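As given, the protein sequences belong to chains A, B, C and D, one line each in that order. Using the working numbering, read the first sequence as starting at 3 and increasing by one per residue. Using the working numbering, read the second sequence as starting at 566 and increasing by one per residue. Using the working numbering, read the third sequence as starting at 15 and increasing by one per residue. Using the working numbering, read the fourth sequence as starting at 1018 and increasing by one per residue.
There may be inaccurate statements among the hints.
[As the list claims (entries may be wrong)] Computed far set for chain B versus chain C, every beta-carbon distance over 12 Å:
#, residue
1, Glu-603
2, Pro-779
3, Glu-802
4, Ser-814
5, Gly-957
[Claimed, not checked] For lysine to aspartate or glutamate, the following EDC-like pairs were computed, each having C-alpha atoms within a straight-line distance of at most 16 Å:
#, chain 1, residue 1, chain 2, residue 2
6, D, Lys-1115, B, Asp-760
7, A, Lys-7, B, Glu-784
8, D, Lys-1112, B, Glu-784
Derived from the structure by calculation, the hints contain no laboratory data. All figures in this text were calculated on a predicted structure; none of them were measured in a lab. Each residue gets a CB set at the ideal place from its N, CA and C atoms; glycine is no exception.
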Amino acid sequence: MTELKKWYELPIGCSNMEPGSSLNNITAGWRVFMPEIDKNKCTKCRLCWIFCPEGAMELDEEGFTKVNYTYCKGCGICANECPSKAITMKRMEV
Amino acid sequence: MAHRLALSTNYAVAYAVKNCDVDVIAAYPITPQTSVVEKLSEFVADGELDAEFVPVESEHSALSAVVGASAAGARVFTATASQGLALMHEILFIASGMRLPIVMSIANRTLSMPLNIHNDHQDMMSSRDCGWVQMYVSSAQEAHDTIIQSYRLAERTDILLPVCVCYDGYVLSHTYEPVDVREKSEVLEYVPRVDRPHVLDPDKPITIGVMALPNYTYEFKYQLVDALTKVPKALEEVDKEFDKRFGVSYGLYEEYMTEDAEVLLVALGAVASTAKVAINRLREKGVKAGLFRPRLYRPIPVDLWKRILEKAKALAIVDRAIAFGGVGGPLFTDIATIFANDREKPLMMNFIAGIGGRDVTVNNLIDMVNIAFKALEKGRVEKPCIYYGVRGVDYGGY
Amino acid sequence: MLIEIRWHGRGGQGAVTAAELLASAAIMEGKWAQAFPSFGAERRGAPVQAYTRIDDKPIYDRSFIYEPDVVVVLDQSLLEGDEARNVMSGLKPNGKLIVNTNQEPREVAKKLGYKGEIVVVDATSIAIELIGRPIVNTAMLGAVVKAVKIVELTSILKVLEKRFSGSMVDRNVKAIMRAFEKAVVGVVES
Amino acid sequence: MEVIEFKKIRDLPRAEYFASGHRLCQGCPEAIIAKLVTKVLGPHVIVVTPTGCLEVSTSVYPETAWKVPWIHVAFENAAAVASGIEAAIKALKRKGIKFKDKKIHVVALAGDGGTADIGLQALSGALERGHDFVYICMDNEAYMNTGIQRSGATPFKAWTTTTPVGAKWRGKLQVKKDLAAIAAAHKIPYVAVASISHPVDFASKIKKAAEIEGPAYIHVQAPCPTGWRFDSSKTIEVARLGVLTGMWILYEIERGEFRVTIPVPQRRPVEDYLLMQGRFRHLTKEEIAEIQKYVDEQVEKVNKMVGYTVIGPVLRL
């Protein structure tokens, strides 16, 4: 737990000077199911990449998508939309 | 060099805005403010002012649009009155919370019901604690100069607050009188453009208008509290620099014959101008009366006010607004609060007067001072808040 | 010396503008002046009042004018009934009454029960002839300048040139000059 | 922008300006929209978001999901705020003070409550005044931020917490307000209806809207798993069925020219769309038939307008 800032340490005028700082908020804990991609079935169509609400589908050098599990909330859209059924939702192990 | 013109206060304000070279004006017409924005649209139409004039569909949008424009780094202006200001109420707090240097003029008018287009201070007083710097002026010249000072004050990086300049509807807004219009080149030297720490700019993509939870909201609000405490000193500096350049200063307040005054009239705006005539007449008869006119009303420079007010034996405080169901008018309750912890303090009487454009005459003001003297003789105040001039109302034995 | 002038007219006749033009002329001469209207929710045709104060020093009084030195009446119909009472209200004993009428000073004074200085001019005829419309304010200014020596005629003309454009300058200047010439100043003693 | 036209998903830019870690629900369509809009318009954009789910979930201090300049002012005034920003850019550019050599797009990203109801006046004013900006309404057909209350955009018979299903009421008693038509009535140069199920079509519309001089309005459906009562994995599927049933026709009106951008040769019956959603669970066969009839009429009007059958008849499987 980081210490909360004092009033004079806050940015002026209810602004936030750190664009994209939501990256500090790890949302991995939100998920119950996690997507797993079967590279053998993936056609690199990028649908999961464009549909992922979390921006948690990243493109690797070869053009495959890979899941960023730090932010994946496990909504399952990727698996539901994958035309080649390359993504399956697995129950998280607790 | 200034050049002297016969201008209404509305026009005097428009000339000041033009000479401050504002970038965006968004406004909606409302009596008695309308001629400010008519004049400004004329200036834009004639190419005398290079600005975007946004003819919005409501006052709510007027203030919203200038909030947007100011956040994008523009120098902005809007003007309103009465119902228009009430409609803006929500955005007033947002503008100050966002610390945007918006300048707005208010041609003070009463609030409905009944519908009435005339002057009192009910509109601004109903929004007085919204985090804006608020100044009340008592002449067209002062309005003109205060607009110019307001940009200088609002845009100081240690201040960055919205400012509104209040002047009485009709009584000032529509009164033509001599105004020395400040030369544009001199005005622009006086109000140079200043870089702000928070503007919408793709080169530095910040977020403005965050959501905060209970853990941060109070700290953000306290920033505004703190910024307002810096205003009196900053305004003094701004006023001094204005004096240096233009040879006129106004201070944070005006005192008139206060030195040995036993009774002080306290009033904002145009009434305080008429009050000088009343004080002169009283002094001619040997009555020790004086006048205190706050110019900067929010934030209240508490110590400065107190130093003057505590010298008097009684205060006749004129409010042009009703605090329905409250103790007295807003100016009265402010002043009473200043003395809350003092054993020794002047007697305080509140006269709610000039509501809905009811004229406040020299004789009315003399009468108020006389009533305050009667209370002094008795040594107590029977009825602190008098609804002065209402037909059928008892003043409580005075 | 403070001079307080109260203008009575009907919406559309230009009483408010006349009050302002007079103040502007005084300001141009380096004097202090105020001009302001008393607006209700009235529209064109309704009775309106306007006020001008002129002084050699700054003017602080911002209340209406209750005891005018000068009353100017732009419309003859305001000399009847309740309106007549408003017109005469508070006029100082040594004041001046300036009326747009085709009647003689004595006739007007008699109707109002007025004693003192009275100035009459048929501004309506002048306006119709020279301006083309019964907008009498500038013609009335001519009579006011003649009767109340508070500003120079040339100052009024200068203000007019700034205020109007095109042929309207010339027409209004002519109307002022004609009224200045034609206004009859009389004193009704009894 | 390098790509002149988006033809396939691969044409869409890879850069992201809407960061992960935001607090929107699992499967939220607004996140998909925000991501796509900022992707398409790139860094030279200023985004205005009124109060709503997107706003509260992306800007909770000390975090922000926005990597482009972004502002939130209030609920009903996104279009007015955008007007001011656009005016400021124009004036500052012209006066040589700021924003000198680049085109900056101003985009309002609002919900249906902030557009159809409380923000309609500000929107109408801004469209009429002709500001050069893009207004995108993400229509989730209710006030989701306050917990699923009806809005003017809630469809006929849908359940919300303020249009409950009871002895007398059967969900919302009125039909949905046609916002795109209202926007078009302002005679603005560009109006479009889009769906997240057709991202390339949507992206092309965003781009066109931004490039056209003057105001542009895009109405995009935002199927809300939380409020519409469906599983978070079905967001895109519900959107797609909206299109395939003819309940959500994808079109654009460019300078007065109406064009259906995604023809549907054979329609699916409305129950395919309705029965996926808990908010329509109460519907009887008769009620579904009533909705089908209403949709048929709307489709007919569109076909008449374009002069041929661009949206086909219902095909029952």
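Okay, the hints, checked on the actual structure:
1. Glu-603: holds, 15 Å
2. Pro-779: Answer for Pro-779(B): holds, closest chain C Cβ roughly 48 Å.
3. Glu-802: holds, 27 Å
4. Ser-814: holds, 16 Å
5. Gly-957: The assertion about Gly-957(B) holds, with a minimum of 23 Å to chain C.
6. Lys-1115(D) to Asp-760(B): holds, 11 Å
7. Lys-7(A) to Glu-784(B): holds, 9 Å
8. Lys-1112(D) to Glu-784(B): violated, 37 Å
Figure legend: structure checked against the earlier numbered hints; the only hint not met is number 8.
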